[in-house]
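**Student:** Listed here are the chains, written in short residue letters.
2 protein chains.
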Amino acid sequence: MKVLWVFAHPEQASLNSSLLAEGLRILDELGHEHLVSDLYAMKWKAALDRDDYTTGTEGRFSVSRASQQAFHSGTLSPDVTAEQRKLEWADLVVLQFPLWWYSVPAILKGWIDRVFVKGFAYGIVDPENPRRTLRYGDGPLAGTKALTILTSGSPPAALGPRGINGQLDQVLFPLLHGTLWYVGIAPLAPMCLYGADRYSGAQFATATAELRRRLETVDEEEAIPYRTQNGGDYDSELVLRPELAPGHSGISVHHRHYR
Amino acid sequence: MKVLWVFAHPEQASLNSSLLAEGLRILDELGHEHLVSDLYAMKWKAALDRDDYTTGTEGRFSVSRASQQAFHSGTLSPDVTAEQRKLEWADLVVLQFPLWWYSVPAILKGWIDRVFVKGFAYGIVDPENPRRTLRYGDGPLAGTKALTILTSGSPPAALGPRGINGQLDQVLFPLLHGTLWYVGIAPLAPMCLYGADRYSGAQFATATAELRRRLETVDEEEAIPYRTQNGGDYDSELVLRPELAPGHSGISVHHRHYR
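First to last, the sequence lines map onto chains A and B.
Positions 1 to 259 (my numbering) are the ones given, in order, by the first sequence.
Positions 1 to 259 (my numbering) are the ones given, in order, by the second sequence.
It is worth saying that the hints were derived from the structure and are not from the lab.
Hints may contain errors.
Any copy will do: because identical chains look the same in the list, a pair fits if it lies in one copy or spans two.
[Unchecked claim] With a Cα cut of at most 27 Å, we get these calculated DSS-like pairs of lysine-lysine:
(1) Lys86 <-> Lys2
(2) Lys86 <-> Lys118
(3) Lys45 <-> Lys145
When you get a sec, could you build the whole thing from the sequences and use the hints?
**Tutor:** The following block contains the structure:
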């Protein structure tokens, strides 16, 4: 298996860094190749801006148009192209980050904003329906899986089904569904280290064991069962058909098994 | 009314910029003072890192500890301090951005990551319950309202209650609930310009009229009725009490009117 590990924590001596080191050791033992994109160490440019593009910026700057032109003409900036090559190479993408404001740190959001450009990650016309593009389960990155590994100061219950911080997989919906699944990457259930501000050695050992289990079985693990765009569950306006989860609404209904 | 308008679009000639200009004109007409934080124009530093702090970085760097120390010792970097002064001044914060990957652009996430530091926006011990901090409705920024204004390429139905992209207010839960409400800012219903990639003059006139209506009545407008942390709806583990929305789970249950 080929693993791209994207790491977004500013501190080398952090819990996150220790877990990264363990993760790479486990991958070595399992005989999996790996590449690491350590965004802080790389001084990754976080904000997508006009400077990213040398073409498509005449007149009014449209991000989607400029990025698509640059992708097709091979003039994307080299840091972006390098990440795209790694994504094409990988079978599994690990996104590891501290949960800041119930979302990814800005530097990781900027990795997504700048790397997932039109033409590369989305905007590919569906050959069977030219009025649609390949999204939500299909698309150029289909076949790749993603494991999100995060730390949070919250205790588990407060990020649980009825916890005040919101049920974790729903809080991460913009990342798991709106980003990964959108471009065709199958997101696995996230792995979260709770109460990360005060983490004991025993807790770390438990987390490492869990990480080992996840990495050992990642090949067989089923992704979160989100509905596909073109599998028949949505109508022509991309609204869930009325006979599915009848009378229900909200982001939960996009789970295939939601009743 | 005092309005801080935070703007996160890279292009001066965009739909977003035109709407910003209209918004400021309307505020002038209404006699409301305003400040603009145009993050791209300010070349806002997006990624929170060690360079933000001159104290609290000895040994293992903890973001919450370093930011809290810097806040209390007055050594936060001047760009962060300036934004905090604006937030303290404002009665209304407008956050305007294009919806990228169902979230805010990295530069705006970085404004949140770097400005909402411990001691300023969170981590204030509850005087009535020293085991808790003031969060979700309480906290130092309580009394402020926030209006999010966003553009999306999606048509309305696809971001609607059963649309494939997810119900908009739930997709924005990490921002509206996990960030704004967390620090005590009362979030109003977002205003979204749909189908923003192809926007006609007539659509823009409609959006401007809607913006005027929103700004004229913002004083009386009720915020999204999220539950408060300390209002009695959550138990000591911060889990919703079983008699409220019994048998239900997911982020919807944190609405006060959810049954």
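**Student:** Could you run down the list of hints and mark each one as holding or not?
**Tutor:** Against the structure, the hints come out as follows:
Proximity of Lys86 and Lys2 under a CA criterion of 27 Å is satisfied intra-copy only: 10 Å inside one chain copy versus 47 Å between copies. Proximity of Lys86 to Lys118 under the C-alpha cut-off of 27 Å is restricted to the intra-copy arrangement: shortest distance 17 Å within a copy versus 36 Å between copies. In the homo-oligomer, the alpha carbons of Lys45 and Lys145 lie at most 27 Å apart inside one protomer (25 Å), although the nearest pairing across protomers, at 32 Å, exceeds that limit.
Comparing the model with each numbered hint stated earlier shows that all of them hold.
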